[in-house]
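Single-letter residue listing:
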Amino acid sequence: MSKKVLVVDDDPDVRLFSVTVLEEHGYTPLEAEDGEIGLKMIKAEKPDLIILDVLMPRQSGVRLYRELKTAKALKDFKVIILSGIAKKTFLRSQKALTEFGGAEIPEPEIYLEKPVEPDELADVIKKVLG
Amino acid sequence: MEINKLLFVTKFEELGFDALRSLLTLRNSALDHVVFVNVIERDRVAMRRGKGYQKDEEIRLREAANIRFIDWSETLFEQGMEVGVYIVVGSLVPEVIKATQKENADLIVIGRSHKGVLEHLYSGSDVTELLRRAWTPVLVYKQLSETTISVEEPFERPLLAIDWSPGSLRAVEYLKVLKDTVQEVHLVHVADEKDLKGPSAMAIQKTRKEARDKLEEICESFEASGIKAREHVYIGDPDEEIEKAAKDCQASMIVLGSSAKAAWVEKFIGSTPRKIAEESIYPTLLIPPEKGE
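Protein chains in written order, with our numbering: chain X, 1 to 130; chain W, 1 to 293.
Isolated chain X, as found in the complex (with noise of 0.2 Å):
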């Protein structure tokens, strides 16, 4: 069985994009539109992959992230993040959230920042799939 992988993104273009590489490699994709949607795929679907945008409506991937890397039963996912956000902002809002009381959380297992071909995609998500 294919694996499955689930991309949260709000921007449809990006999604499609996305959708189209994991398409073309054999992999199942699934959607999702904001973090709050994301989050309750996550729990229904349980993905083998996680492809987080940042800045989201409702929930932005930066929380998202946060509260899968903190929950016991979800700290496992594998993410890939694919934003706008430069690394190190995404890196300093994850230190800022720690200093005001969070718990300390790893970093993602690949950040790629958007625009991205999808060569690389591909090769990021083979990578973390194994």
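Treat the hints with caution; some may be incorrect.
Said to hold, decoys possible - The list that follows gives simulated cross-link-like pairs (lysine-lysine, DSS-like), each with its CA atoms no further than 30 Å apart:
(1) K102(W) x K4(X)
(2) K102(W) x K40(X)
(3) K102(W) x K78(X)
(4) K69(X) x K5(W)
(5) K114(X) x K11(W)
(6) K102(W) x K43(X)
(7) K114(X) x K5(W)
(8) K102(W) x K87(X)
(9) K72(X) x K5(W)
(10) K114(X) x K102(W)
(11) K179(W) x K95(X)
(12) K11(W) x K88(X)
(13) K55(W) x K114(X)
(14) K75(X) x K102(W)
(15) K98(W) x K40(X)
(16) K5(W) x K88(X)
(17) K46(X) x K102(W)
(18) K95(X) x K102(W)
(19) K214(W) x K194(W)
(20) K5(W) x K75(X)
(21) K87(X) x K5(W)
(22) K5(W) x K40(X)
(23) K98(W) x K43(X)
(24) K102(W) x K69(X)
(25) K98(W) x K114(X)
(26) K5(W) x K95(X)
(27) K43(X) x K5(W)
Claimed, not checked - What follows is a list of derived Cβ distance ranges for each label pair:
(28) E240(W) x G101(X): 46 to 52 Å
(29) A73(X) x E223(W): 47 to 53 Å
(30) A96(X) x E240(W): 43 to 49 Å
(31) T75(W) x A73(X): 30 to 36 Å
(32) R27(W) x P106(X): 25 to 31 Å
No wet-lab data here; the hints were simulated from the structure. Glycine included, C-beta positions come from ideal geometry on N, C-alpha and C.
Knowing the structure of chain X, use the given hints to seat chain W on it.
Just chain W now, with coordinates in the frame of chain X:
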């Protein structure tokens, strides 16, 4: 009624990041989440004879907004704040209402409308329409360059105009929870000259004293919440007197309730809140009554 989530509606030319920075003192209270909204008006990308729908223009406008929001968001994310973005094609007010409901925002911040006189005459202003349709408090932000006053932090010294309407009494509760942001509140009630046509000076003074006593009670409730408060009674035309009181008190913002005389689908906006929101030099925070009041 804490302000946890703020919707920042901008077309960029009238409201920039400096305006948002001046509101970040709300973090001392409860602000944790900022949602940026940019609405690309339909007529900017609409069908043109010989050109069709201007998809390229839509992409250009979306990306220009996106790049700006990414830059602003990075600053907020690095402070540990939560940030969201909506960039949509449509009509401003319905899209703002939609985003407010979807996000369950506690405050909408919008710049003053820059429509020309003729546009105002035919289509009304976006601010007025938003005030009429939103059940969420609206802060009409005024740019510093438009005014002669220097407003660093609008929530620092608000002037709260009280007319005993449900909206203005709700505004009291709204400000009370901001004790870590608000330094001092000035309460003003403007008595209409026609209310003072008593038979004697005594009767006029009685009207003033009654208003003052009621204001004092509210001041005491502010003090009990840890916010300094002072009461003032002015006489005359509310539109003019509220502006004068704001100047006298060196206020940083005017806060008013929006009237609710009829609430079928949309609520009635009193002429004073509308006029002050549109014309005052001060940032103006409009608090609607509870739905159904």
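- Item | Hinted pair K102(W) and K69(X), Cα distance within 30 Å | holds (26 Å)
- Item | Hinted pair K95(X) and K102(W), Cα distance within 30 Å | Measuring from Cα to Cα gives roughly 29 Å; hence the hint holds.
- 30 Å limit on alpha-carbon distance, applied to hinted pair K5(W) and K40(X): At roughly 22 Å apart (the allowed maximum being 30 Å), K40(X) and K5(W) satisfy the hint.
- Item | Holds or violated: K102(W) to K40(X), with C-alpha atoms at most 30 Å apart | holds (17 Å)
- Message: Would the hint linking K214(W) and K194(W) be met if the CA-CA limit is 30 Å?
- Response: holds (20 Å)
- Query: Taking only the CA atoms, is the gap from K98(W) to K43(X) under or equal to 30 Å?
  - Reply: holds (27 Å)
- 30 Å Cα cutoff - pair K87(X), K5(W): holds (25 Å)
- Item | Hinted pair K11(W) and K88(X), Cα distance within 30 Å | With Cα atoms ~28 Å apart, K11(W) and K88(X) stay inside 30 Å; holds.
- Task: Compare the distance between the alpha carbons of K114(X) and K102(W) with 30 Å, and conclude whether the hinted pair is satisfied.
- Result: Judged against 30 Å, a Cα distance of about 26 Å means the pair holds.
- Query: Using the C-beta atoms of E240(W) and G101(X), is the stated range 46 to 52 Å upheld?
  - Reply: holds (49 Å)
- Within 30 Å, alpha carbon to alpha carbon, are K43(X) and K5(W)? Between K43(X) and K5(W) the Cα gap is close to 26 Å, so the pair holds against 30 Å.
- Query: Would the pair K55(W) and K114(X) pass a check requiring their Cα atoms to be no farther apart than 30 Å?
  - Reply: Holds, because 21 Å separates the two Cα atoms, which is no more than 30 Å.
Going down the numbered hints, you'll see the structure goes against none, and every one checks out.
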